[in-house]
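Use the sequences and the hints to build the structure in full.
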Amino acid sequence: MSKVAEITVNVDELLALDKYEVDEESAHIELVDDPDDEEFLKLVRVCPAALYKVDGDGKRSFDYAGCLECGTCRIACEGTVVRKWENPRPTMGVEYRYG
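Take the sequence shown: its position 85, counting from 1, is numbered 85 in the working numbering, and each next residue is one higher.
To be clear, the hints were calculated from the coordinates, so they are not data collected in a lab. The model shown is predicted, which means the values in this text are computed figures rather than measured ones. A hint or two may mislead.
Label-pair ranges, simulated between beta-carbon atoms [stated by the list, open to error]: (1) Asp34 with Met92: 14 to 20 Å; (2) Thr91 with Arg45: 27 to 33 Å; (3) Arg45 with Glu95: 34 to 40 Å.
When the alpha-carbon atoms are kept at most 25 Å apart in a straight line, the in silico DSS-like pairs for lysine-lysine are as follows [said to hold, decoys possible]: (4) Lys53 with Lys3; (5) Lys53 with Lys84; (6) Lys3 with Lys42; (7) Lys19 with Lys84; (8) Lys19 with Lys53; (9) Lys59 with Lys3; (10) Lys59 with Lys84; (11) Lys3 with Lys19; (12) Lys19 with Lys59; (13) Lys53 with Lys42.
Each residue gets a CB set at the ideal place from its N, CA and C atoms; glycine is no exception.
Take a look at the structure:
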């Protein structure tokens, strides 16, 4: 696995200003069961919400709940890591409040 530069901006702090209605019944992003490490690292690098992570032990994690709905993960890895990407159902998802 190649190295990923550490994120130095406190993304969580900035994203906390936005409002989210998380659809617990239907995830709008689904990943393949066993994604390739290099492909997953692409998502770690490009996701502006830092939802794709690899810890010190190499364990991968993802949580769609803080998604900004930008579609970057779909463009970068649709068909390799991202099995499904669709807009959240009406009234669900992000409501921007900053900027």
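Need the status of pair Lys3, Lys19: alpha-carbon distance at most 25 Å?
violated, 32 Å
When you take the CB atoms of Arg45 and Glu95, is the distance between them in 34 to 40 Å?
Hint violated: Cβ distance 26 Å, outside 34 to 40 Å.
Outcome of range test on Cβ distance (Thr91, Arg45; 27 to 33 Å):
holds, 31 Å
Can the restraint linking Lys19 and Lys53 be considered satisfied, given a maximum Cα separation of 25 Å?
The given pair, whose Cα atoms are some 22 Å apart, holds under the 25 Å limit.
Checking one constraint from the list: CA of Lys3 to CA of Lys42, max 25 Å. Satisfied?
holds, 11 Å
Within a Cα-Cα threshold of 25 Å, do Lys19 and Lys59 meet the stated pairing?
Not satisfied, since the Cα-Cα distance of roughly 29 Å exceeds 25 Å.
Lying within 14 to 20 Å: is that true of the beta-carbon distance Asp34 to Met92?
violated, 28 Å
Starting from Lys59, check that the Cα of Lys84 is at most 25 Å away, please.
Holds, because 22 Å separates the two Cα atoms, which is no more than 25 Å.
Would the hint linking Lys53 and Lys3 be met if the CA-CA limit is 25 Å?
holds, 12 Å
Lys53 and Lys84 were given as a pair; does the straight-line alpha-carbon distance stay at or below 25 Å?
It holds: about 19 Å lies between the C-alpha atoms, which stays within 25 Å.
Take a quick look at whether Lys53 and Lys42 sit within 25 Å of each other, Cα to Cα.
Since the Cα atoms of Lys53 and Lys42 sit roughly 11 Å apart, the hinted pair holds (cutoff 25 Å).
Need the status of pair Lys19, Lys84: alpha-carbon distance at most 25 Å?
holds, 23 Å
Violated hints, in rising order: 1, 3, 11 and 12; the structure is consistent with all others.
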